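Protein chains: 2
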Amino acid sequence: MDEFALIAELLAPLAKGEPGAFNLTDDAALIDLSEGHRLVVTKDMLVAGVHFMADDAADLVARKLLRVNLSDLAAMGATPKAYLVGLAVPKGTSDDWIRGFAGGLAEDQAAFSITLIGGDTVSTDGPLTVSLTAMGEVPAAMALRRAGAKPGDGVFVSGSIGDGALGLAALKSGLDDDNAVYLIDRYHLPRPRLELAVPLRAIAHAAIDVSDGLIADLGHICDVSGVGAEIEAALVPLSLAAKATVAIDPTLMDTVLTGGDDYELLFTADKTDIGRIVALATDLALPLTMIGRVIAGAGVMALDHTGATMTFESTGWRHR
Amino acid sequence: MDEFALIAELLAPLAKGEPGAFNLTDDAALIDLSEGHRLVVTKDMLVAGVHFMADDAADLVARKLLRVNLSDLAAMGATPKAYLVGLAVPKGTSDDWIRGFAGGLAEDQAAFSITLIGGDTVSTDGPLTVSLTAMGEVPAAMALRRAGAKPGDGVFVSGSIGDGALGLAALKSGLDDDNAVYLIDRYHLPRPRLELAVPLRAIAHAAIDVSDGLIADLGHICDVSGVGAEIEAALVPLSLAAKATVAIDPTLMDTVLTGGDDYELLFTADKTDIGRIVALATDLALPLTMIGRVIAGAGVMALDHTGATMTFESTGWRHR
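Respectively, the protein sequence lines represent chains A and B. Just so you know, the numbering used here puts 243 at position 243 of the first sequence, and the rest follows in order with no gaps. Just so you know, the numbering used here puts 1019 at position 19 of the second sequence, and the rest follows in order with no gaps.
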């Protein structure tokens, strides 16, 4: 069996739950939206050698691909519905890799209640390239946006920041202590915060997922909302593993704040809603931490524990 | 300016018509469906060196990418709404290439009433790889499907068959006479038959677009519908250029019937509807030709002008 036949055989069962996928045998797929809802759609590509290593476990590649897209849906306040996957496969890709990739999709689509409905597999002379389009839905007028932050808002972030970027650094350094293992897992397997999508619709003024880096992504909110923001580095929530790592090398705080690959949600909300936000964090057993405030003006300022403005080597959007 | 900034600058205007695209600055895009409609979604990838030549004109690559996806929408009876584009761009891609690509999208999205709403640009160490997700809508229960062909149906095809595959052959042979120019244009710029999408909803029992090859795609209809089909090669409509080319080398009739890249619509319909189909062809100034019939059984049989069964080197689905 060639790799195309194997891919077709392994992906078909992933489409079983959705009649509109036609077992992946038609020209296109059909989706119904719930009444009064809008479709939310996002697309991300990952390239071997750029976004993942060619020898990374295939199931982790598949799960990360799905999760980074789900994180975008969460940032818009959407609940997941369906996805399409595009694969450009080099000749000689092993059956094991293909099985691992399909297995990773199967595991995570079950975990996140989303179903494969279509896609395309082609051959390439270059590196393995994977592309995913994820679709969700949100009630009309309830979508979360980057626009909408207001001076006086608190700036909040879910979970912990910096684990993904520190995990990548640990991977490159060949570290394998307990902290490195934790951080590398977070790099390979981001946790898209879909549990926040629905409750934040009623709370957040603006939202984004932290993929480019905390400072850069807060900058995106500020740019689109026409405001500035000020955060205190000491308030940024770090995992125990990240704290331990930064304690050994304090310069890594830069990596935490600008490294990206967090896939946490960053949002602004009225400070009077802080009680609701605390209650939500408790309900979900997911930290939601206020790290700063929205101000009039433009740009993001980060203050260190002395109140001095921090400078970074790069806070801009890193094109990858 | 790096290529990512240039791509962002050139693609943003393409999203202007659609408020849900947020000028391509948000995590995902929003789309509304018309009431009572379902979303139709399809995704195709093209790789330089596999699906197009690295030195092909960038605008033609963009337009073909969009058109092959639009052809899938047409085959489902859908009207186009929006698309996302994914680009994996090698370092050193010229500004001219990027400008050409964006210009091609601009030209065809205007021609086919579809708007860019999102996507992703990444770097690659491999060949340029482009991926497009196209979305359309169709009234609930009106979608055209590969399933539904019934014994006794006529088998119909739009336009002319074989131009794309003969065009590719001409390109490879370095031909540049008038016929070759016509055929090569058809290879580079398929005509997605969107004008058939709406009228065929009420006429076709089953439909597909001819991308893998006439015989193979009719085989797909037969497989999913649980029927067989018989076509007469002499009835298959050829352009004047294709006729002239096949007259010189009659073995090229194989290429016509199995070569693919036609992006015409192949459909089956009740023979009593032939009057409506003729009227539709006249209305649209687009040939709709009956080339055979659906029969009980399985598989596709092609008959030559003597009534003998034709055999082909390859009629199967060519994975590319």
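It is worth saying that the hints were derived from the structure and are not from the lab. Predicted, not measured: the structure shown is a model, and the values here were computed from it. Among the clues, some could well be false.
One-sided excerpt, in silico: chain B residues whose CB lies under 10 Å from chain A [to be verified]:
{"id": "1", "residue": "L1033"}
{"id": "2", "residue": "E1035"}
{"id": "3", "residue": "R1038"}
{"id": "4", "residue": "A1075"}
{"id": "5", "residue": "L1087"}
{"id": "6", "residue": "P1090"}
{"id": "7", "residue": "D1120"}
{"id": "8", "residue": "T1121"}
{"id": "9", "residue": "G1136"}
{"id": "10", "residue": "A1143"}
{"id": "11", "residue": "S1211"}
{"id": "12", "residue": "L1252"}
We put the CB at the ideal spot given by N, CA and C, even for glycine.
Query - Per-residue hint verdict: B/G1136, partner chain A, C-beta under 10 Å - result: holds, 8 Å
Requested in this report: Answer holds if the nearest beta-carbon of chain A is closer than 10 Å to that of B/A1075; otherwise answer violated.
Outcome: It holds, given that the least Cβ distance between B/A1075 and chain A is near 4 Å, below 10 Å.
Query raised in the report: Quick one, is the B/L1033 hint okay against chain A at 10 Å, beta carbons?
Result: holds, 6 Å
Query raised in the report: Does the nearest C-beta of chain A fall within a distance shorter than 10 Å of the C-beta of B/R1038?
Result: holds, 5 Å
Requested in this report: Using 10 Å as the Cβ threshold, decide whether B/A1143 counts as touching chain A.
Outcome: Where the cut-off is 10 Å and the nearest Cβ of chain A is about 6 Å from B/A1143, the hint holds.
**Report entry** Agreement of hint B/D1120 with chain A interface, Cβ distance less than 10 Å
**Finding:** Cβ of B/D1120 sits 5 Å from chain A, so the hint holds.
Query raised in the report: With a cut-off of 10 Å, does the beta carbon of B/S1211 approach a beta carbon of chain A closely enough for the hint to hold?
Result: Result: holds, 9 Å to nearest chain A Cβ.
Query raised in the report: Can the hint on B/L1087 be confirmed by a CB-to-CB distance to chain A that is less than 10 Å?
Result: holds, 8 Å
Query raised in the report: Can we keep the B/E1035 interface hint, with Cβ of chain A closer than 10 Å?
Result: holds, 9 Å
Report task. Against chain A, run the beta carbon of B/T1121 and see if the smallest gap drops under 10 Å. Result -> holds, 7 Å
Requested in this report: Verify the interface restraint on B/L1252: the C-beta must sit less than 10 Å from at least one C-beta of chain A.
Outcome: violated, 25 Å
Requested in this report: Let me know if the C-beta of B/P1090 comes in closer than 10 Å to any C-beta of chain A, holds or violated.
Outcome: Where the cut-off is 10 Å and the nearest Cβ of chain A is about 8 Å from B/P1090, the hint holds.
Consistency with the previously given hints fails for number 12 only.
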